[in-house]
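Asks: Sequence:
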Amino acid sequence: MLDINIGDVTAAYEGAVGVIWEMLMGEQIHVGGEQETDILAELAGVNAGTRVLDVLSGLGGPARHLARIYGATVTGLDATGRMVNEAVLRTERAGLDDRVTFRSGNALDMPFKSGTFNIVWGQDSWCYVTDKDRLIRECRRVAAPGGTIAFTDWIETGPMSAKERRNLNAFMLFPYMGTLDGYRRLLRRHGFAVGVCEDLSEDFTVQMHRYRDALAGGLKGRIVELFGTETFRDMERGIGLWVDAADEGKVGRGRCLGRKL
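Each residue of the sequence shown is one higher than the one before, counting from 1 in full-length UniProt numbering.
If you are wondering where the hints come from, they were derived from the structure by calculation, not from laboratory data. These numbers come from a predicted model, not from an experiment. The C-beta atom is built at its ideal place from N, Cα and C for all residues, glycine as well. Please note that the accuracy of each hint is not assured.
[As the list claims (entries may be wrong)] For lysine-lysine, the following DSS-like pairs were computed, each having C-alpha atoms within a straight-line distance of at most 25 Å:
1. Lys163 x Lys250
2. Lys132 x Lys250
3. Lys132 x Lys113
4. Lys132 x Lys163
[Stated by the list, open to error] Here are the in silico distance ranges between beta carbons for each label pair:
5. Thr231 x Lys163: 16 to 26 Å
6. Asp133 x Glu225: 37 to 47 Å
7. Arg68 x Asp109: 44 to 54 Å
8. Gln35 x Gly195: 14 to 24 Å
9. Gly115 x Ile6: 41 to 51 Å
Given only the sequences and the hints, what does the whole structure look like? Please build it.
Replies: Structure follows, in structure tokens:
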């Protein structure tokens, strides 16, 4: 586990990191965008009566999508001030602030009463959390009886050297990555019946190539203009490491759903 904490992550997403990843991924800032949000929503059974907590909600793209398309009531939780403020502004502009709200807070000590939400949700962001065991425990606490946990995340999928692991995590500011089996064990340990735990790494590899191509293509000039050549080269080098690791079957992405027992 690298010495990376919530302060390091929030500082990065207050600046260039958050802007560049939005350029690459869109405002949902996760692999697959709205299509992946729809898949997870359908598996989780999101509908007009659903109270959703989006843990590490970023700019609020998925939260707004769940409210607009499915009629859900959504609360987003994030520790990065810029992300929370921007999410609020975008939600007001979209006319969805009656159904989507955002709170600033720590996912390891959530500012919500126990049993509040029908679905506890996350997309490609729990890799930033320093204690995934405590995270899943908190998710269970705030989930209603019989409630659902539904999330995707970047994961380790194969053996790698300590140097490879350190370089990959350091670039992304992950303290460590989980594994699919690791998440399955955590869900069961904290009282969830696991319904889905599937490997999405084939598509993850395709998407990582797409991000590298976009970075080297149309986005290069804009990133250099905004943040300088050194920042662009750091991004190019880091995403190149992730492309190579994905091609070699060392990293990928998983989708998990469970029901609170």
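Asks: Against this structure, judge whether each hint is valid.
Replies: We went through each hint and held it up to the structure:
1. Lys163 x Lys250: Holds: Lys163 and Lys250 sit about 13 Å apart, inside 25 Å.
2. Lys132 x Lys250: holds, 20 Å
3. Lys132 x Lys113: holds, 20 Å
4. Lys132 x Lys163: The given pair, whose Cα atoms are some 22 Å apart, holds under the 25 Å limit.
5. Thr231 x Lys163: 16 to 26 Å: Roughly 23 Å apart at Cβ, these two residues keep to the hinted range, so it holds.
6. Asp133 x Glu225: 37 to 47 Å: holds, 43 Å
7. Arg68 x Asp109: 44 to 54 Å: Check failed, 30 Å falls outside 44 to 54 Å.
8. Gln35 x Gly195: 14 to 24 Å: holds, 21 Å
9. Gly115 x Ile6: 41 to 51 Å: With Cβ atoms ~25 Å apart, the hint is violated.
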